[in-house]
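Following the hints, complete the assembly by docking chain B onto the known chain A.
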Amino acid sequence: MDLVRHLECFVAVAEESHFGRAAARLGMAQPPLSQRIARLERELGVRLFERTSRQVTITEAGTLLLAEARELLARSESFLATARRIRDGETGLLRAALSPDISGETVAALLAAFRRHHAGLELELHELSTAQQLAGFASHDLDVGLIHHPCDVAGLELGPVLRRDLGVLLPRDTAQAGLAEVPLASLTGYDLILFPRDSAPAVYDDLLTACARGGYTPAAVRHGQGASFVRGLVLSAGAVALVPRDTQPAATGERDPDLVWRPLAGAPLAWRHSVAWPKGRGDAAVGAFADAATQALRTTAGARAETTARPLHLRPASEFWL
Amino acid sequence: MSDVAGRLRAAFTDAGVTGWLHAVDIDSGAQVDAGADQPVCTASVHKLCVLVTLHEQAAAGLLDLTEQVECPPAGRTPGPTGLAAMLDPVRLSLRDAAFLMMSVSDNTAADLLLRRVGLDAVNRTTDRLGLTRTRAVHGFGEMLATMREDAGPAGAQALTDPHVITRLRALDPARTNRSTPRDMTRLLGTIWRDEACPPEQGAAVRRILGLQVWPHRLASGFPFDDVHVAGKTGSLPTLRNEVGVVEYPDGGRYAVAVFTRTAHTAATLPAADAVIGTAARIAVDALRAP
Numbered sequence: 001m002d003l004v005r006h007l008e009c010f011v012a013v014a015e016e017s018h019f020g021r022a023a024a025r026l027g028m029a030q031p032p033l034s035q036r037i038a039r040l041e042r043e044l045g046v047r048l049f050e051r052t053s054r055q056v057t058i059t060e061a062g063t064l065l066l067a068e069a070r071e072l073l074a075r076s077e078s079f080l081a082t083a084r085r086i087r088d089g090e091t092g093l094l095r096a097a098l099s100p101d102i103s104g105e106t107v108a109a110l111l112a113a114f115r116r117h118h119a120g121l122e123l124e125l126h127e128l129s130t131a132q133q134l135a136g137f138a139s140h141d142l143d144v145g146l147i148h149h150p151c152d153v154a155g156l157e158l159g160p161v162l163r164r165d166l167g168v169l170l171p172r173d174t175a176q177a178g179l180a181e182v183p184l185a186s187l188t189g190y191d192l193i194l195f196p197r198d199s200a201p202a203v204y205d206d207l208l209t210a211c212a213r214g215g216y217t218p219a220a221v222r223h224g225q226g227a228s229f230v231r232g233l234v235l236s237a238g239a240v241a242l243v244p245r246d247t248q249p250a251a252t253g254e255r256d257p258d259l260v261w262r263p264l265a266g267a268p269l270a271w272r273h274s275v276a277w278p279k280g281r282g283d284a285a286v287g288a289f290a291d292a293a294t295q296a297l298r299t300t301a302g303a304r305a306e307t308t309a310r311p312l313h314l315r316p317a318s319e320f321w322l
Numbered sequence: 001m002s003d004v005a006g007r008l009r010a011a012f013t014d015a016g017v018t019g020w021l022h023a024v025d026i027d028s029g030a031q032v033d034a035g036a037d038q039p040v041c042t043a044s045v046h047k048l049c050v051l052v053t054l055h056e057q058a059a060a061g062l063l064d065l066t067e068q069v070e071c072p073p074a075g076r077t078p079g080p081t082g083l084a085a086m087l088d089p090v091r092l093s094l095r096d097a098a099f100l101m102m103s104v105s106d107n108t109a110a111d112l113l114l115r116r117v118g119l120d121a122v123n124r125t126t127d128r129l130g131l132t133r134t135r136a137v138h139g140f141g142e143m144l145a146t147m148r149e150d151a152g153p154a155g156a157q158a159l160t161d162p163h164v165i166t167r168l169r170a171l172d173p174a175r176t177n178r179s180t181p182r183d184m185t186r187l188l189g190t191i192w193r194d195e196a197c198p199p200e201q202g203a204a205v206r207r208i209l210g211l212q213v214w215p216h217r218l219a220s221g222f223p224f225d226d227v228h229v230a231g232k233t234g235s236l237p238t239l240r241n242e243v244g245v246v247e248y249p250d251g252g253r254y255a256v257a258v259f260t261r262t263a264h265t266a267a268t269l270p271a272a273d274a275v276i277g278t279a280a281r282i283a284v285d286a287l288r289a290p
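If you're matching them up, the sequences are chains A and B in order. Numbered continuously in UniProt numbering, the first sequence closes out at residue 322. Numbered continuously in UniProt numbering, the second sequence closes out at residue 290.
Next comes chain B alone, as it looks inside the complex:
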C-alpha cells in the first residue's frame, strides 16, 4: 500500500494537479487514503446530498417523487445543460428533475429541488449520516452569484486570470459548500448498503447515479464493458472533482472520492479530467490486490 501513495502523488503531479483521494471497499471497509480529510469545495458534487435528501423525504412520505413541478424560463439558475439551457417552459416530475440534476449536472434542476427540500434539510441529512465535515452553506445559484461578483465586470473571461482565481470565494472551502473525500465515500457507502434510504429509494438513487453522461473523469479509468461506474462530478475554475462507485462483475464494489485543483487556470484540460480516473483505478486496483 505504501507505494500506492507514491503512485497517486506521481499521477496527480504528472497531470499538473494537486489531488486528494479516498477509496473504500464498501463491504470490507479496506481503504486507500491520500489526503482523505482535506477540506474541499464540493461544487456540483453537493447535488448528491440534495439527491439523497430528496429520496429520504420521499421515503418519509413528505413528498411524492412523481409530483409534477413547473419550471418557467424566468429565474432559472444559469448552466450549460438540462433545464438551465432550455428556452421554453417545462413541466416535469421531481424524480425527472433529479435525473437531470445528476446526469448532466443541471443547475436549474438542482436549485429547484434544493428549494423544495430546503438547505437545512440537506445539512440535517448529512449530519444524520455522520458526515461531520460536510456543509451546504448556499444553493447553486448563490454560489454562481459569488463567482460573478468576484470575477467582476469581465465575467467568465476573467476566470482564467490567476488574480481572480485567488479571490474566488467559491474556491475557499471555508466560505462555500464543502466536504472531505472521506465524508463522500462514507455517503456513497451508506447509499450502496441501503443505510441512507430504504431499499426502494436507494435503488432509485443508484439508478440515477449510474446515468451520468460524462465519460472523461472517473469512468475513464475503468475502460471495461463489464465494470459499472456511477458517479457525480463537480467543477469550478481550477477545480475538478468526482465521487462515485465502481462495481466489478465479481461483486467487488468500491466508493471513490477524488478532488483536484489544477495549476493551470484554463477551462479545457483533458489530462486533469483523466487523472481522476487514473487515480481512482490505482486505488481500486490496490483494494482488489490479493
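The following block holds chain A by itself, in its conformation from the complex:
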C-alpha cells in the first residue's frame, strides 16, 4: 500500500466531509477514492469515517489520526523537496533571497556561517523585496528568504521575528546631531525620506503612523531608496531619513564628514524581519539558512527579539474574544 497516497485521500475526505468533493479535489474518480479509504481502514484496523447515504463524518478514531496524517504528509513533501534539491545539482542547490536593505556585513556573515555548516550545498542568493519573495515562494522559484513584517504570512513558516531599530540620518550641523538620542517630535519641520509606498504599503503606513504617534508628522514625504540619493536629499533638501544603524558607514567605523546617524529616544520605530519559507518545505538546508540569517542579523545588525509585548485591546467590532 502506498501510505502517502492513501493518507492524502484520508485527509481530503476528512476536510471535505464528502467523497465527491474530495475526489474532485484529488483529481480522481469517486469509486477508487472509496476503495482507498476502505483499504486504509483495513490496513489500520480502524474505522475512519461513518458513512450514511447522505454524508460522511469522521469518527473519533479518525480525528485522533488526522493531525499525525497531516504531519506525515508535510514531512513527506519536505523529504521530496530535499531529494529534488540533491538531484538537481551534484551537491544540491538552495535558492534563497534577502531584501535589498540588508547590509553587506550581514550578507557576509550569513554566507560565512552557512558555508561553515553546509560546505556541500550551493547557495544561490538573490536580492529581492518582500513582495518579490512571496511571489517566488508561490511559484516554487524560491526556497527560503529573509522578509520584512508585516506581510501576508498565509501558507508560510517563519523563523524568529527580530526587530532592527531605526535611527535618524541627519546633517552633522543640525542641533539634533549633538544629542545622544533624538526625540521623534524634534524632527518636526524636516521632510521625511522613505522608500516608495507601493513596495510595501503595510510597512510604510505603519512607520508613518508610528511617527505621527511620536509627535512627528512630516510636511512632505519624499521617496528614495538608494544610499547616495538619500544622502543627497539629507544634505541639501531639509529632509531626514529613518534607517537602521548597520546600513550606515559609521557602523563599520568609517566617519562620514557631513551626516550623522543617531538613535531615536525610546526606540519607537523598527523594521521587523524573519526568515520565511513555504509551509511544509522546511528541510535541513532551509533550517541551516534560517539559523545563519538569524544569527547574522543578531551579530552584525544588532537585531533583537521584541522584548515588551504591548497590550492588546480588542474592540467589539473584532467579533471575537478569547
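Wrong hints could be hidden among the right ones.
As the list claims (entries may be wrong) - Interface residues of chain B toward chain A, partial, derived using beta-carbon atoms under 8 Å:
#1 137
#2 175
#3 263
These are calculated hints, taken from the structure and not from any lab test. Here the structure is a predicted model, which is why all the values come from computation and not from measurement. Just so it is clear, CB atoms sit at the ideal spot from N, CA and C, and this is done for glycine as well.
Same frame as chain A, but now just chain B:
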C-alpha cells in the same frame, strides 16, 4: 470591465490587504469577478447560513420563530457583543436571538441557534441552494476554541505575532468554516429573490440583515442616504470580510461578497475595514455603468 480588475487590485494593495470579491446584479446576473472562486474562511459570515436555515425550518413548520429560549450566563460562547457580553440570565425569542446574531455578530446567540437547527441542517441548506464550496465544520465556540489552543498560553495577546498567525487553524479554509465569494453572492441572490425561503421568511431575513450596526466596511463605500445596505461581517486576526446587498432608489440591487487578509497583524486597521466598502463601490459602479 477590464480596468475594474486593475482598480480593485490597486485598492486592495493600497489598503495593505489581499482581497477577493464577487459582485452580481441580482436581477440581470451581470457580474464582477476578482477571485470569486477563492476558498475563504467565512468566520462570522457563516452566521448568514445559520439565519437562512433557521427561517427555512420556520417555513417548514419545524420551529416557531417566536418560541422563547433560555440563555443562562454559564456556558456562553465568548464574544464582545450581545448575549455573549451580558452578565445575567436572558430569555428571548428565536427571532430576537437571530437579530442579535446578525446585528452585532453575537457569538452566544449564534451558537444557541446553531444548536437549535443543527450543523448538518446548515450544510443541507447551503447544499440545497447550490453552494457547493460552502461548508460549516464547527460552531462558533469550537472555532474560538481552536484559536485559543493555537494561540497558546499568551492568549489574545499572541494573535499579533506573525508566528501564531501562520499556525491558526481558524485561518485555514481547509480546516474551518469556509465558502467562496461566488457562493456567498449566490446565497444573497436567493434571499433577495425569495428562493431561499418563502416571501414571509425572506422578508424577515432581509429585515435582520438591514439592521447590522457596523458602519466601517461595506456600508462605508455607499455614503448615500437613499441607498440601502444590508450585510454580515466576519472577522478574525488578519481576516476581514463582509457580504451584503446594496439597493439603489432606481431599483438596482447588487449582491457583493468581499473577503480580505491583511498583511499587518494588528487588530485595529481602519483602512483595511474601509477598503471593503471601496472595493464594493468600484464593483457596483461598474455594474451600474450605462
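Tell me the hint numbers this structure goes against, listed in increasing order. No numbers; nothing is violated.
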